[in-house]
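There are 2 protein chains.
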Amino acid sequence: MNNIQAVIITIGDELLIGQTIDTNSAWIAQRLNHLGINVLRRVAVGDTREAILNALDEEWLKASLIILTGGLGPTSDDITKPLLCEYFGGTLTVNEEVAAHLKEIFGRRNRPILARNMKQAEVPDNCTVLFNKLGTAPGMWFEKNGKIIISLPGVPFEMKHIMEVEALPRLKQLAEGDVIIHRTVFTAGEGESFIAERLMPFEAALPEHIKIAYLPDSGFVKIRLTGKGAEVAVLEAEMMNLQNQLVTTLGDIVIANEDVTLESLLGTTMQGNGKTFGFAESCTGGYIGHLITQLPGSSTYFKGSIVSYDNEVKENVLGVKKETIEQKGAVSEETVIEMATGALKILNTDYTLAVSGVLGPDGGTERVKTGTVWMAVANKDRVLTKVQHFFYDRERNKEMAAKMGMLLLWKFINGKQ
Amino acid sequence: MNNIQAVIITIGDELLIGQTIDTNSAWIAQRLNHLGINVLRRVAVGDTREAILNALDEEWLKASLIILTGGLGPTSDDITKPLLCEYFGGTLTVNEEVAAHLKEIFGRRNRPILARNMKQAEVPDNCTVLFNKLGTAPGMWFEKNGKIIISLPGVPFEMKHIMEVEALPRLKQLAEGDVIIHRTVFTAGEGESFIAERLMPFEAALPEHIKIAYLPDSGFVKIRLTGKGAEVAVLEAEMMNLQNQLVTTLGDIVIANEDVTLESLLGTTMQGNGKTFGFAESCTGGYIGHLITQLPGSSTYFKGSIVSYDNEVKENVLGVKKETIEQKGAVSEETVIEMATGALKILNTDYTLAVSGVLGPDGGTERVKTGTVWMAVANKDRVLTKVQHFFYDRERNKEMAAKMGMLLLWKFINGKQ
Numbered sequence: 001m002n003n004i005q006a007v008i009i010t011i012g013d014e015l016l017i018g019q020t021i022d023t024n025s026a027w028i029a030q031r032l033n034h035l036g037i038n039v040l041r042r043v044a045v046g047d048t049r050e051a052i053l054n055a056l057d058e059e060w061l062k063a064s065l066i067i068l069t070g071g072l073g074p075t076s077d078d079i080t081k082p083l084l085c086e087y088f089g090g091t092l093t094v095n096e097e098v099a100a101h102l103k104e105i106f107g108r109r110n111r112p113i114l115a116r117n118m119k120q121a122e123v124p125d126n127c128t129v130l131f132n133k134l135g136t137a138p139g140m141w142f143e144k145n146g147k148i149i150i151s152l153p154g155v156p157f158e159m160k161h162i163m164e165v166e167a168l169p170r171l172k173q174l175a176e177g178d179v180i181i182h183r184t185v186f187t188a189g190e191g192e193s194f195i196a197e198r199l200m201p202f203e204a205a206l207p208e209h210i211k212i213a214y215l216p217d218s219g220f221v222k223i224r225l226t227g228k229g230a231e232v233a234v235l236e237a238e239m240m241n242l243q244n245q246l247v248t249t250l251g252d253i254v255i256a257n258e259d260v261t262l263e264s265l266l267g268t269t270m271q272g273n274g275k276t277f278g279f280a281e282s283c284t285g286g287y288i289g290h291l292i293t294q295l296p297g298s299s300t301y302f303k304g305s306i307v308s309y310d311n312e313v314k315e316n317v318l319g320v321k322k323e324t325i326e327q328k329g330a331v332s333e334e335t336v337i338e339m340a341t342g343a344l345k346i347l348n349t350d351y352t353l354a355v356s357g358v359l360g361p362d363g364g365t366e367r368v369k370t371g372t373v374w375m376a377v378a379n380k381d382r383v384l385t386k387v388q389h390f391f392y393d394r395e396r397n398k399e400m401a402a403k404m405g406m407l408l409l410w411k412f413i414n415g416k417q
Numbered sequence: 001m002n003n004i005q006a007v008i009i010t011i012g013d014e015l016l017i018g019q020t021i022d023t024n025s026a027w028i029a030q031r032l033n034h035l036g037i038n039v040l041r042r043v044a045v046g047d048t049r050e051a052i053l054n055a056l057d058e059e060w061l062k063a064s065l066i067i068l069t070g071g072l073g074p075t076s077d078d079i080t081k082p083l084l085c086e087y088f089g090g091t092l093t094v095n096e097e098v099a100a101h102l103k104e105i106f107g108r109r110n111r112p113i114l115a116r117n118m119k120q121a122e123v124p125d126n127c128t129v130l131f132n133k134l135g136t137a138p139g140m141w142f143e144k145n146g147k148i149i150i151s152l153p154g155v156p157f158e159m160k161h162i163m164e165v166e167a168l169p170r171l172k173q174l175a176e177g178d179v180i181i182h183r184t185v186f187t188a189g190e191g192e193s194f195i196a197e198r199l200m201p202f203e204a205a206l207p208e209h210i211k212i213a214y215l216p217d218s219g220f221v222k223i224r225l226t227g228k229g230a231e232v233a234v235l236e237a238e239m240m241n242l243q244n245q246l247v248t249t250l251g252d253i254v255i256a257n258e259d260v261t262l263e264s265l266l267g268t269t270m271q272g273n274g275k276t277f278g279f280a281e282s283c284t285g286g287y288i289g290h291l292i293t294q295l296p297g298s299s300t301y302f303k304g305s306i307v308s309y310d311n312e313v314k315e316n317v318l319g320v321k322k323e324t325i326e327q328k329g330a331v332s333e334e335t336v337i338e339m340a341t342g343a344l345k346i347l348n349t350d351y352t353l354a355v356s357g358v359l360g361p362d363g364g365t366e367r368v369k370t371g372t373v374w375m376a377v378a379n380k381d382r383v384l385t386k387v388q389h390f391f392y393d394r395e396r397n398k399e400m401a402a403k404m405g406m407l408l409l410w411k412f413i414n415g416k417q
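In order, the protein sequences belong to chains U and C.
Counting from 1, position 126 in the first sequence corresponds to residue 126 in the working numbering; the numbering is continuous, with no gaps.
Counting from 1, position 392 in the second sequence corresponds to residue 392 in the working numbering; the numbering is continuous, with no gaps.
The set of hints was computed from the structure by calculation and includes no laboratory data.
Computed from a predicted model, the values in this text were never measured in an experiment.
Be aware that a few hints might be false.
Copies of the same chain look alike in the list, so a pair counts if it works inside one copy or between any two.
Simulated pairs of lysine-lysine, DSBU-like, Cα-Cα distance not exceeding 35 angstroms [unchecked claim]:
#1 416 - 275
#2 62 - 228
#3 275 - 321
#4 322 - 386
Could you build all of it, start to finish, from the sequences and the hints given here?
Structural data, given as structure tokens:
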């Protein structure tokens, strides 16, 4: 089955009224891409028979693979299973393996098993069951006229599990078309227009089968190259060469030649150097510690964070002087320096990052306007400070403060600043 | 224009390769719903002429309002504007207001203005410009055959700004159809099947124009009622009555009769009671502090958090005894009790929450399996502890630990536990 073209259909009114943000589609798209499967479109529809059937009919014409998520639960708004059964002309019958699994789950939780739960063991007799070890709704794999439809539960960790264990290995065997390769260069410090201007000769020389895209995000720009070709090795060499050209051209602003987060950049920097860091966070409220600890293994270099939201905590725990806060303000160069050096001692780390700012919407003054964020990074030998002014809403200002703080720490550790 | 039916089309290859999670659509859907505008479908397509034109042609037949986001930037992958201009048979002409705004932005940033930036001031002469105060790409409003197409930049804060200030007020004047009202009841402690079982008589008695949906998420279930009707007051009274029935039936597990987050539940509880809280976070790494400080005004009740990821920080900063950690382990009831009581002193707060666990994938032992999380909440009079076992991946285990911790704190403060 060459060049599989996929469409992802997500089912659920919660997606159409904005109650839920769809994270499933992005994850599925990534995994399909890894197999060289192109995602043509994503469609979200409501929990109605008409909407689902209509989407199936339309997307069926465009795609050779349809991945459906949602609508497989045990409640009345879950209508996907009987509908697919009917669509492919099957009959619902009990699958013994799923039935045994359901009994086991409810037994383990010491819960009575309800008729509506046992109904989840009924599957269309014309599909392959994709066993769901982590939940009660099995996935389903239908084939018709050389096309494939995969139906998965909408709960993200169940969907991911079934994809990893059941669906992707099967798809891998079928996917043998053109290879798709993405290469990303991650930059900081320049806007997309200016980067595009510097890349005009590069863009003009790009061959037809390689596309470029600019993804600006919170003060950073990712430049993505997407190539398509028949031969993996040939395409990889070509992409590598182009990526190197990008890195050379944009050398001063490149921080990584892959699509990574700042927390993993920091993780890579710290891994194996035997050093540790910790934070003194005020306006970020613990967000930087949260990002850092998303990575397994962060405990080898991250010791902790003093979230000193209240000035009393800055004084009592970090040892910031009362006079400094009174005379210079909680959002000032002097305060973040004392926060960083205080944290160095109390957390007993090699490096610290301190952040204090006014994120808004309120709290700004004539002297310290909303959006002002002071940062300091320190080791026992030196302290480096920086002030930034963000003009967005509270949430985005926090995001920016955390990212710019991590960037400053990364540059400091790597001797780039 | 009665009963506007909307479709949201998001444009960008980053959405189809999973590089970006689409948060725009959920936000847009919520806002449209508030005006009584129903969202029929959401479609994501790539940055190609064919994909965009095809989506426009198809969705045009289904909807009376199409909202497009993305593809309006200054780089070569941004093709939406000329394409829409052509689709509606217009000509690109310079808009003086936008041109002046661009010069002002680049002037303020002390940046030279490039030709590709000035191109952003060119708009189709057959659209209404939706001025973008926060960025360089203007929004556009087209009308044809009684239908509306709105094109917006994909950068979330710019999109939101244009919607709020320019698009929604105009749409509000046009939307005069049936009202849509959502009511949510937020529960904790029971699975969706069991809740559905308890609600069988309730579901059976629901009138045709009111739908029910179950949204399970991380140990919580939200039950949503969606009603549609001609008269606001009549429908509101009806929905209120049904919501009250739900609350009565599910009284023991209801934690709120609205769609709120745990951080805002805690905020509401603390607001005006003159008390404060703080945290001692180990495995959550600062995530609970982060969630709490997402809310403006949280500084009145949140003093800070000691993120004691390393045991040394638990001992040195929180005063957990070395013997406790050695004999009972860092993930134990004894340790979280000492963390909570230590934080009570050092943060000088009325309430504290302490969390310590093993999130995985590694770190589990025979005695403390991966997924085990101990929590303690305390005030000066008492300490309450709880242990939970989560079976998911690291990220989800952290999410669950944070939410269950906040729930325990909320119950403790409200005397429910």
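Hint check results:
For the homomeric pair residue 416 and residue 275, the shortest alpha-carbon distance inside one copy (18 angstroms) is at most 35 angstroms, but the shortest distance between copies (45 angstroms) is not. Proximity of residue 62 and residue 228 under a CA criterion of 35 angstroms is satisfied in both settings, with 20 angstroms inside one chain copy and 34 angstroms between copies. When the C-alpha separation of residue 275 and residue 321 is checked against a cutoff of 35 angstroms, the pair qualifies both within a copy, at 28 angstroms, and between copies, at 25 angstroms. Taking the closest pair of Cα atoms, residue 322 and residue 386 come within 35 angstroms of each other only inside a single copy of the chain (22 angstroms); across copies the shortest separation is 38 angstroms, beyond that limit.
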